[in-house]
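K.L.:
Spelled out, the chains give:
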Amino acid sequence: MNDTTNNALQRSQGHAASSRQNEQSAQPLTRTPAVDVEENSHGITLWLDMPAVPKEKLEIEVHDDNLRIQGEAVVPSPENLQLKYAEVRESRFTRTFTLAPDLDITRIDANLQDGVLRVTIPRREEARPRRIEVQTG
Amino acid sequence: MKNIYLQTDLFNEFDHLQQQLASLFGGFPSSIRSDRYGSFPKLNVGTTDDAIEIVAFVPGVKSDQLDVSIDKGLLTISGEREALFSKEGGDDSRRYAQERYTGSFRRTIELPTNANPEQVTARCTNGCLTVTIAKQEASKPRAITVQ
Chain A
1 MNDTTNNALQ RSQGHAASSR QNEQSAQPLT RTPAVDVEEN SHGITLWLDM
51 PAVPKEKLEI EVHDDNLRIQ GEAVVPSPEN LQLKYAEVRE SRFTRTFTLA
101 PDLDITRIDA NLQDGVLRVT IPRREEARPR RIEVQTG
Chain B
1 MKNIYLQTDL FNEFDHLQQQ LASLFGGFPS SIRSDRYGSF PKLNVGTTDD
51 AIEIVAFVPG VKSDQLDVSI DKGLLTISGE REALFSKEGG DDSRRYAQER
101 YTGSFRRTIE LPTNANPEQV TARCTNGCLT VTIAKQEASK PRAITVQ
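Top line first, the protein sequences correspond to chains A and B. Residue numbers are given in the numbering used here: position 28 of the first sequence equals residue 28, and the series is strictly consecutive. Residue numbers are given in the numbering used here: position 113 of the second sequence equals residue 113, and the series is strictly consecutive.
What the hints contain is simulated information worked out from the structure, not anything from laboratory work. Treat the hints with caution; some may be incorrect.
[Said to hold, decoys possible] Stretch by stretch, here's where chain B covers chain A in the computed footprint (C-beta under 8 Å, at least three residues): (1) 49-57; (2) 70-81.
[As the list claims (entries may be wrong)] The following label-pair restraints were derived from C-beta to C-beta distances: (3) B:Leu-74 - A:Asn-111: 34 to 40 Å; (4) B:Thr-113 - A:Arg-107: 54 to 60 Å; (5) A:Gln-82 - B:Leu-74: 18 to 24 Å; (6) A:Asn-111 - B:Ser-104: 21 to 27 Å; (7) B:Pro-112 - A:Asn-66: 46 to 52 Å.
Because the structure is a prediction, the values reported are computed rather than measured. Yeah, the Cβ is synthetic: ideal placement off N, Cα and C, and Gly gets one too.
Construct the entire structure; sequences and hints are all you get.
P.N.:
Rendered as structure tokens:
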């Protein structure tokens with residue numbers, strides 16, 4: 001069980017490589033948001049850190065079994081601000097996950113609160129774990 | 001409106017170099033109170049003619065769990081970030097990636113001497129804490145009339 005889900009919801013390696021390339025050249029720079037992933041019998045829940053991303057700048061799409069989450073951070077700052085020290089320069093977040101066929105992509109739910117995006121993906125009814133009675137005799 | 005994520009290639013190169021040196025040789029002489037670069041929460045600091053703007057990225061931290069204090073030119077941002085995993089846990093729940101920082105945090109920033117600790121405002125929206133500290137009147141740029 002564990003193995004299948006690990007494969008099912010993994011960070012897309014191809015994406016990670018491309019975002020590193022972006023850091024070198026293209027602008028605006030993107031970064032991969034930190035994620036927590038939990039699964040129970042009902043489905044999978046993800047929490048992603050996306051500080052300063054307003055709801056309007058958030059994009060979640062499912063395409064070819066890929067769940068892609070993108071967002072753009074907006075920090076209102078005064079006109080003549082000069083940046084003196086920065087640990088965060090990338091304003092865009094992107095992260096892609098591969099979805100397993102046992103997940104119900106039609107009922108994905110997303111909620112943004114205090115800069116954390118929670119995405120819940122239920123499992124299909126028929127894919128939920130169930131106990132099988134053993135007959136005797 | 002200008003974005004806080006102002007960047008140039010020069011900046012990037014310099015940061016990269018500095019980080020490499022820091023990890024190889026234990027770093028340049030730096031502030032005695034400096035934190036590890038990029039520890040939670042990440043910080044950006046900028047200045048305008050009349051204020052110092054500090055942005056701390058604190059996603060998932062409620063404003064009542066955030067503590068911002070100023071003591072003799074030191075600004076400290078501290079608080080607690082709770083794990084969001086379901087509290088009950090349960091036998092059937094399994095955790096995979098756990099990349100998000102949890103627990104208590106504290107970051108200290110040495111303010112320049114021209115900061116006015118009497119005039120500080122802080123606001124938190126979308127997991128982004130902005131602290132604005134006014135500069136002392138005397139340090140603001142002003143035109144000098146030539147006699």
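K.L.:
If you test the structure against every hint from before, which numbers come out violated?
P.N.:
none
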